[in-house]
Structure formats: C-alpha cells, structure tokens
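Kindly produce the complete structure, drawing on both the sequences and the hints.
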Amino acid sequence: MAGSVSSRAWRRRAASAGFCLLIAAILFYTLFPFYWAIVSSLRSGSELFSISLLPLHPAWGNYAAVFRDEPFARNIANSMLVASLVVLIALALSLGAAYALGRLRFTGRRTLLMTILGVSMFPQIAVLSGLFALIRTLGLYDTPWALVLSYLIFTLPFTVWVLTAFMHDLPRELEEAAIMDGARPVTIIRRIFLPLLAPAMVTTGLLAFIASWNEFLFALTFTLTPEQRTVPVAIALISGASAHELPWGRIMAASVIVTLPLIALVLAFQHRIIAGLTLGAVKG
Amino acid sequence: MRVLEKIRPERDDRQSSRSGARPAAALARRRRVTAAAFLAPMLGVLAVVAAWPLLHTIWFGFTNAELGGGPAQFIGLHNFASLLADPGWWRSVVNTLIFAALSVALEAALGMVIALALNRRFPGRFLVRAAVIVPWAIPTVVSAKLWAWMLNDVFGIINAVLVDLGLLGRPVAWVAAPHTALFSVVLVDAWKTTPFVALLLLAGLQVIPGELYEAAEIDGARPAQTFFSITLPLLRPALLVALIFRTLDALRVFDIIYVIAGDNPASMSMSVFARQQLVEFQDVGYGSAAATLLFVVVAIVTVIYVRAGGLWQEA
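Residue numbers (my numbering), protein chains in the order written: chain A, 1 to 284; chain B, 1 to 315.
These are calculated hints, taken from the structure and not from any lab test.
The structure presented is a predicted model; accordingly, all values stated were derived computationally and were not measured.
Do not take every clue at face value.
Said to hold, decoys possible - Footprint (simulated), chain B over chain A, 3 or more residues, beta carbon under 8 Å:
1) 9-23
2) 28-39
3) 44-52
4) 68-75
5) 108-122
6) 137-149
Claimed, not checked - DEER-style ranges, computed between Cβ atoms:
7) B:I304 x A:C20: 23 to 29 Å
8) A:R172 x B:P237: 24 to 30 Å
9) A:A59 x B:L55: 50 to 56 Å
10) A:G118 x B:R29: 17 to 23 Å
In this text, a Cβ means the ideal position worked out from N, Cα and C, and glycines have one as well.
Here it is as structure tokens:
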C-alpha cells in the first residue's frame with residue numbers, strides 16, 4: 001500500500017517536472033529568435049559571428065548606422081503615415097456600413113456580407129497587375145498614396161466584418177427610443193453607437209494598423225525609391241557591399257527598432273486582440 | 001463562423017407583425033434606402049480598389065500586355081495554355097501545396113500542444129501566454145530575416161550548434177540547398193503563425209465545461225482517452241476555423257518565401273512565381289494568367305469553406 005502511494009507521488013512529481021520542461025521549451029521556442037536578434041544587433045565586426053548567448057560588449061553602432069546610412073527615419077514615417085490613414089479611412093467607412101449590415105434588415109444582406117468576407121480572402125497577387133495599372137493611371141506610383149489606396153483591400157473587409165458583428169450584438173432597445181423621437185440614422189450612430197463601439201473600434205483599428213504596418217507585397221511593388229519605402233521593404237532590401245555580405249548586424253538593429261513598439265502594443269492590448277481575432281478569425 | 005450565427009436575422013420580424021402591412025412596406029423601403037446610403041461609400045471604395053483591379057488582372061491574363069510596353073492585344077487562352085505546359089509553374093504549384101500542407105499540419109500540432117499547456121492552471125500562466133503571442137506580433141518580413149540570419153550557412157547559430165553537437169559534419173546552406181529550402185520556410189512560417197492557431201484553440205478549450213473532465217476522471221478515463229473522446233470532438237469547430245484560415249493564407253504565401261529564399265525555384269510559391277513574371281520579366285499577360293489561376297484555386301477553397309461553415313451552423 002505504502003509502496004503504491006509513494007510510486008503515485010513519484011509519478012506525479014515526474015509529470016509536473018515534465019510539464020515544467022514543456023513550458024520551458026515553449027518559452028525557448030517563442031522567445032529565442034527575437035532574443036538572438038537583439039544580441040546580434042548589439043554586435044559589430046567579427047564579434048557578430050560569435051555564438052555566445054550574452055552580449056558582453058554591447059555596441060550601438062548598428063543602430064546609428066541604420067539611421068545614418070539608410071533613410072530609415074523616413075521609412076518609419078512613411079509606415080506610420082500609411083498605416084494611420086488606412087485605419088482612419090477604413091474605420092470611417094465601415095462604421096456606417098456596419099450600421100446598415102448589423103442593424104437594418106434588407107434583402108441581399110447576407111450575400112453582401114459573404115462577398116465582403118470573400119474579398120478578405122483574395123490573394124493579393126490576384127489584384128497586383130490591375131492595381132498597378134490603376135495606380136499608374138492615377139499618377140500615384142512611388143508615393144505613399146498608392147499604398148493607402150491598396151491597403152483598403154485587406155483592411156476594409158476586416159473592419160466592416162468585425163464592427164458589424166459588434167453592432168449586431170447591441171440590444172435593440174438602444175435605438176428604439178431615439179427612433180420614436182424621430183432621430184435620424186446619422187444622429188443615432190453618432191450619439192448612441194459610436195460611444196458603445198469605441199472599444200471595438202480601438203481593437204479593430206489596432207489589428208488593421210498592424211496588418212498595414214506589416215504589408216510587404218504591395219509596398220515592394222508600388223514603390224521604387226528608397227525614400228518612399230515602408231519599413232518592411234526597407235528591411236528586406238538592406239544590402240551590403242555585395243550580395244554575399246549582407247550587413248546582418250544592421251538588419252537585426254532595424255528589425256528590433258520596428259518590432260519592440262509592436263510587441264509592446266500587442267502585449268498591452270492582448271486581451272482585446274485575442275477577442276478581436278477570435279471574433280473575426282481573419283488572417284494572422 | 002460564430003459571427004455568422006450572430007448575424008442571422010430574427011429580430012426585425014417583430015416589427016412588421018406589430019404594425020399593419022402598409023406602414024411595414026413603407027418602413028422596409030425606407031430601411032432599404034438608408035442601408036444603401038450607408039453602404040455606398042464602402043462598396044464604392046471596394047469596387048475601385050478590389051473589384052476593378054481583379055477584373056483588370058483577369059483581362060490582362062488573356063492579353064500579351066507587357067510592363068511599359070505598347071497596347072495589349074487579346075490572345076485568347078494562349079497564356080493559360082503556356083502556363084499549363086510550363087514546368088516552372090507546376091513546380092511552384094507543387095511547392096505551394098507541400099508548403100500549405102506541411103505548415104498547416106505543423107501549426108495545428110504545435111498550436112494544440114501550446115493551447116493544452118496554457119489551458120492548465122500554473123503560476124505565471126499569463127506571462128507564458130504573453131510570450132506565446134510574441135512571434136505573432138513580429139512583422140512577417142522581420143521574422144523571415146531573423147530566421148534567415150539563424151539559418152545562415154556560414155555564420156548562423158543553427159549550423160554552429162548542430163556542428164558543435166556533432167549532429168552535422170559540416171554547415172548546411174539551409175535556404176539555398178534544393179532539399180532543405182522549402183522545409184526551412186515551412187519552419188519559419190510555423191514559428192510565426194503557431195500563436196494564432198494556439199490562441200484560437202485556447203479560446204475553444206476554455207468553453208468546454210469542466211464537469212465533462214470531472215466525469216471522465218470519476219470514470220477512470222486515461223488522459224489520452226479524455227483527449228480523443230472529449231477535447232478533440234468539442235474543439236472541432238475551433239480547429240476547423242483555424243485550419244481553413246491558415247490554409248487560405250498558406251496558399252497565397254509570398255513574404256516569407258520571397259524574403260528568405262528569393263527566387264530560388266526549389267521553394268518558389270505560386271505568388272512568388274506570378275510576381276517574378278509580372279515584375280522581373282515584365283510579362284504582365286503571363287504573370288496575370290498565373291495570378292488568375294491562383295485566384296481560382298483560392299476561390300474554390302473559400303467556397304468549400306463557406307459551404308462547410310453553413311453546415312456547422314445547421315449542426
């Protein structure tokens with residue numbers, strides 16, 4: 001009897017040790033690559049090729065070089081401008097649309113919702129040459145406006161979809177009194193729905209911002225000069241003296257600069273983001 | 001899919017039955033007008049930035065258009081016929097399918113392990129959950145660069161560690177060698193998107209009632225039994241949603257492959273192939289035809305997905 005109890009205790013201890021190992025493995029897997037980028041960004045010259053795990057002699061040269069030798073400050077400004085404008089336009093357009101789709105009953109509403117969901121599934125490459133033609137016709141090639149325009153393809157369906165779901169969940173009584181008083185829809189949206197939807201709009205806007213900030217294919221194709229590039233394109237195209245000696249320290253420094261604020265944002269809003277992702281279940 | 005259920009109409013019927021037939025008709029008409037007015041700006045923008053470019057791309061596929069070239073001429077199915085005879089295209093199709101199957105399977109497996117671990121109570125759980133989100137918060141291009149650096153043939157830490165441990169005789173050029181290029185990008189994609197799958201699955205796990213597990217424990221079920229007869233069936237909807245979204249994303253993959261391996265034919269996806277034709281070779285007609293075929297593939301998968309979504313709702 002005593003033997004079986006102690007063997008059960010032993011087994012439990014082994015299981016919990018195994019669980020600790022599993023958690024350690026998960027942490028190592030998810031965190032090590034970015035940790036290694038930070039370490040590498042603090043190394044210069046031949047030290048970059050050391051594989052010791054601690055940056056014993058941190059060197060900030062790579063960070064200075066990114067801003068000195070590349071228009072990286074300009075690239076960050078471009079990304080901020082494009083992503084902010086896209087979020088503002090997408091939210092403004094989708095608020096009214098979400099009111100119509102979430103609160104009004106009309107024929108074809110479901111079909112419309114499914115079509116909008118379908119647009120968010122578009123492979124970006126399928127609109128690339130058509131968009132390129134449109135952007136050249138409008139004279140927007142190699143400007144941030146080309147990106148603002150094209151990013152609405154993947155942000156707008158997402159914001160409409162998520163805001164519609166939120167709007168649909170609000171109780172009907174909310175607007176009934178206002179309708180009785182003869183309030184117009186615009187007033188109802190502004191006075192009643194906007195304040196209630198503010199948290200949802202923050203979440204949706206944040207996710208749309210991240211998607212725009214990270215976009216690569218359109219930015220790579222619709223910009224040409226280094227000054228017009230956004231951050232992902234700038235990082236992807238940082239090059240050294242020859243194709244075979246990429247300045248890895250510099251690439252890692254640029255990567256760390258643009259990723260730290262994103263990680264901070266995501267961690268600060270993690271509960272809302274998880275809710276938004278689960279609701280929209282739109283791209284990762 | 002949860003969204004779809006919520007959006008199902010049921011509340012507006014009350015109103016029409018309460019007031020008579022004629023005011024109801026007038027009300028319905030007014031609602032239609034209001035809806036149209038609120039939808040018009042959004043639909044107008046989508047028509048300009050999505051519908052028109054898509055139709056234009058499809059049209060380009062039937063022409064011999066070139067970047068900066070003269071006026072395009074209609075050449076019928078010529079581009080599509082050449083594509084179907086182009087071994088480069090078929091290689092990219094096979095690569096994309098292998099990439100999608102492997103990366104989605106890997107993400108589902110890893111995501112499941114992480115979700116099950118995070119579903120247990122342990123001290124510091126919220127910190128671990130925050131750590132799991134980190135790869136998702138890192139821009140795709142940056143994750144591609146992080147891994148390209150770790151996988152570097154000469155200076156990469158992965159080669160260094162594997163050689164030190166004696167697991168490799170000499171360093172491997174992971175992203176350049178034909179046999180490992182595709183596998184490398186699968187690993188990077190899995191790293192980047194596992195958090196998304198894990199969080200979706202975790203959300204699914206957390207709504208499974210605890211009593212079910214208590215009952216299973218009383219009945220003396222083993223952990224594996226509990227997993228296969230309780231957890232997995234109840235997690236099916238969340239798992240399917242995650243798998244389908246990931247599959248659609250994987251089929252159109254561009255960033256990770258382009259940044260890590262460039263135009264290496266061993267790992268080229270359909271999107272990378274189409275862009276190479278469009279931009280590098282300036283063959284807008286041929287590239288657009290390739291893009292159109294990819295669009296058709298994704299559209300078919302999407303339709304299957306929407307159908308399946310409808311089925312889950314009935315169930």
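Problem - Coverage claim, chain B over the segment 28-39 of chain A, checked by counting residues with Cβ within 8 Å (three needed) - result: holds (count 7)
Practice task
Mind taking a look at whether chain B covers the segment 44-52 of chain A? Criterion is 3 or more residues with CB to CB distance under 8 Å.
Solution key: Holds, because 3 residues of the segment 44-52 of chain A bring their Cβ atoms closer than 8 Å to Cβ atoms of chain B.
Handout entry: CB-CB spacing for B:R29 and A:G118 relative to the 17 to 23 Å hint
Key = Roughly 28 Å apart at Cβ, these two residues miss the hinted range, so it is violated.
Exercise for the section: Starting from the range 24 to 30 Å, see whether the pair A:R172 and B:P237 falls in it by beta-carbon distance. Expected result: Given about 28 Å between the Cβ atoms, the range holds.
Problem - Verdict on chain B covering the segment 108-122 of chain A, where coverage means 3 or more residues with a C-beta closer than 8 Å - result: This one holds; 11 residues, not fewer than the three required, reach chain B with a Cβ under 8 Å.
Exercise for the section: Could you check the hint for me, namely that A:A59 and B:L55 are 50 to 56 Å apart, CB to CB? Expected result: 53 Å Cβ-Cβ, so the 50 to 56 Å window holds.
Handout entry: Given coverage of the segment 9-23 of chain A by chain B, tested with a Cβ cutoff of 8 Å and a minimum of 3 residues
Key = That given contact holds, which follows from 3 residues of the segment 9-23 of chain A lying within Cβ reach (below 8 Å) of chain B.
Practice task
Take the C-beta atom of B:I304 and the C-beta atom of A:C20, compute their distance, and say whether it sits inside 23 to 29 Å.
Solution key: With Cβ atoms ~42 Å apart, the hint is violated.
Exercise for the section: Between the segment 137-149 of chain A and chain B, see if three or more residues pass the 8 Å beta-carbon test, and mark the coverage as holds or violated. Expected result: violated (count 1)
Problem - Cβ contact check, 8 Å cutoff: the segment 68-75 of chain A against chain B, three residues minimum - result: violated (count 0)
Checked against the numbered hints given earlier, this structure breaks hints 4, 6, 7 and 10; the rest are met.
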